[in-house]
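Between the sequences and the hints, there should be enough to build the whole structure, so can you do that?
So that you can map any letter, position 222 of the sequence shown is 222 in UniProt numbering, and since no number is skipped, the others follow by simple counting.
Quick caveat, the hints were computed from the structure, so don't treat them as lab data. Among the clues, some could well be false.
What follows is a list of derived Cβ distance ranges for each label pair [stated by the list, open to error]: (1) A172 x S49: 31 to 37 angstroms; (2) S298 x E119: 42 to 48 angstroms; (3) K289 x G148: 31 to 37 angstroms; (4) Y294 x E12: 45 to 51 angstroms; (5) G218 x L149: 24 to 30 angstroms.
Even glycine gets a Cβ: it sits at the ideal position worked out from N, Cα and C.
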Amino acid sequence: MIYQAVNRFNGEQLKLARVAAGLSLADVGEALQVTRQYASRLENNASPSDAQIELLSSLLSVHTSFFFRPRAKTIEAEQCHFRSLRSSTQTLKKTIMAQVEMLDSHFVSAIEDEVGFPEVSIFSAEDHEFRSVKDIELLAERARKEFGLGLGPISNMIKLLEKLGCIVVNLADADERIDAFSIYTSRPLIVRNTTKQSPGRLRFDFAHELGHLIMHQGIETGCRTTEQQANNFASAFLMPRSSFVAEFPRVRGSYFNWDALVEMKVRWGVSLKAILYRAKALGLITSDKAKSGYIYLSRNGFAKVERGDELMNIEHPMMLQRAIELLDIHTLENLIANSGLSRQLLKERYSLMLPPPPLRSV
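Below, the structure written as structure tokens:
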């Protein structure tokens with residue numbers, strides 16, 4: 001995508017970069033040594049001096065040309081699905097949305113013009129009513145069938161999502177209150193929070209986001225109902241009913257067989273807590289028994305990192321990185337320059353590995 005520069009400073013672009021950086025108007029004012037009110041005027045298209053533009057460029061890790069581009073597209077709330085803790089704020093969510101918009105509209109779309117990504121092949125069930133857990137159970141079974149997965153463990157959730165046409169990206173040092181995030185524009189984009197280091201929980205997050213993409217296109221999510229629906233989908237999708245019932249270790253007396261549960265966890269690529277949740281949902285254990293298992297995990301320090309995690313691999317996105325590697329260096333440099341994003345930003349915020357820029361001839 002080639003952007004046509006506008007003649008005037010575009011305050012919308014300043015606001016986008018500021019929000020993505022997690023900065024306030026007061027922060028921008030302090031960097032420019034002006035008032036907050038003056039910084040606000042800049043976002044409403046007042047013209048800064050050349051020196052101020054250079055300062056903004058340095059502060060926000062973008063090229064000065066970024067501020068003279070049209071806003072390519074604005075991400076709306078109903079396009080976004082957050083898997084987050086209730087303590088996360090609207091400010092935090094707006095920061096993540098802005099970070100994704102900058103990458104998607106200024107960089108990913110340009111790469112897609114050069115490198116063919118897989119066709120999006122995620123079906124939509126947004127017109128269906130999900131009145132019961134059974135409805136979502138059947139939907140998860142349908143998804144496995146449509147994606148050709150059978151009833152065994154899914155070896156790599158990110159690879160599956162990329163095969164289905166999703167772009168999966170890293171957000172380095174994202175707030176730990178945001179587990180995952182997805183957006184469906186022309187192509188689904190899913191964010192992986194690199195601060196989360198539990199392999200099973202990451203895979204559950206990705207399955208949760210896939211559930212949103214299938215069930216909730218065009219619907220603003222985040223309420224208890226849509227989050228529970230996505231959780232139920234993820235659980236049934238990762239651990240299909242018939243296979244799970246056959247493999248779940250029998251509980252003898254009042255004790256779980258934790259060694260057997262860890263083996264099952266590693267085989268299916270899920271967390272111990274997710275296994276207990278699924279067993280309760282399928283009636284294999286009581287709510288009280290599941291609760292006792294949750295308490296055991298918490299008391300033994302397994303709230304964030306569990307026993308058995310060391311036997312599992314963290315999955316990493318590959319499709320966008322490989323697309324970058326397919327480009328010749330001069331095409332890549334043109335894309336970076338045209339995006340208005342700095343190399344530093346692409347590497348540090350989005351964890352992209354870029355080859356060194358070509359040497360300039362003297």
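Against the structure, the hints come out as follows:
1. Our hint of 31 to 37 angstroms for A172 and S49 holds, since their Cβ atoms are close to 32 angstroms apart.
2. In this structure, S298 and E119 meet the distance hint of 42 to 48 angstroms, their C-beta atoms being roughly 44 angstroms apart.
3. Roughly 35 angstroms separates the CB atoms of K289 and G148, a value that falls within the hinted 31 to 37 angstroms.
4. The hint said 45 to 51 angstroms for the Cβ distance between Y294 and E12, and at roughly 46 angstroms that hint holds.
5. For the pair G218 and L149, the supplied restraint of 24 to 30 angstroms holds, since their beta-carbon distance comes to about 26 angstroms.
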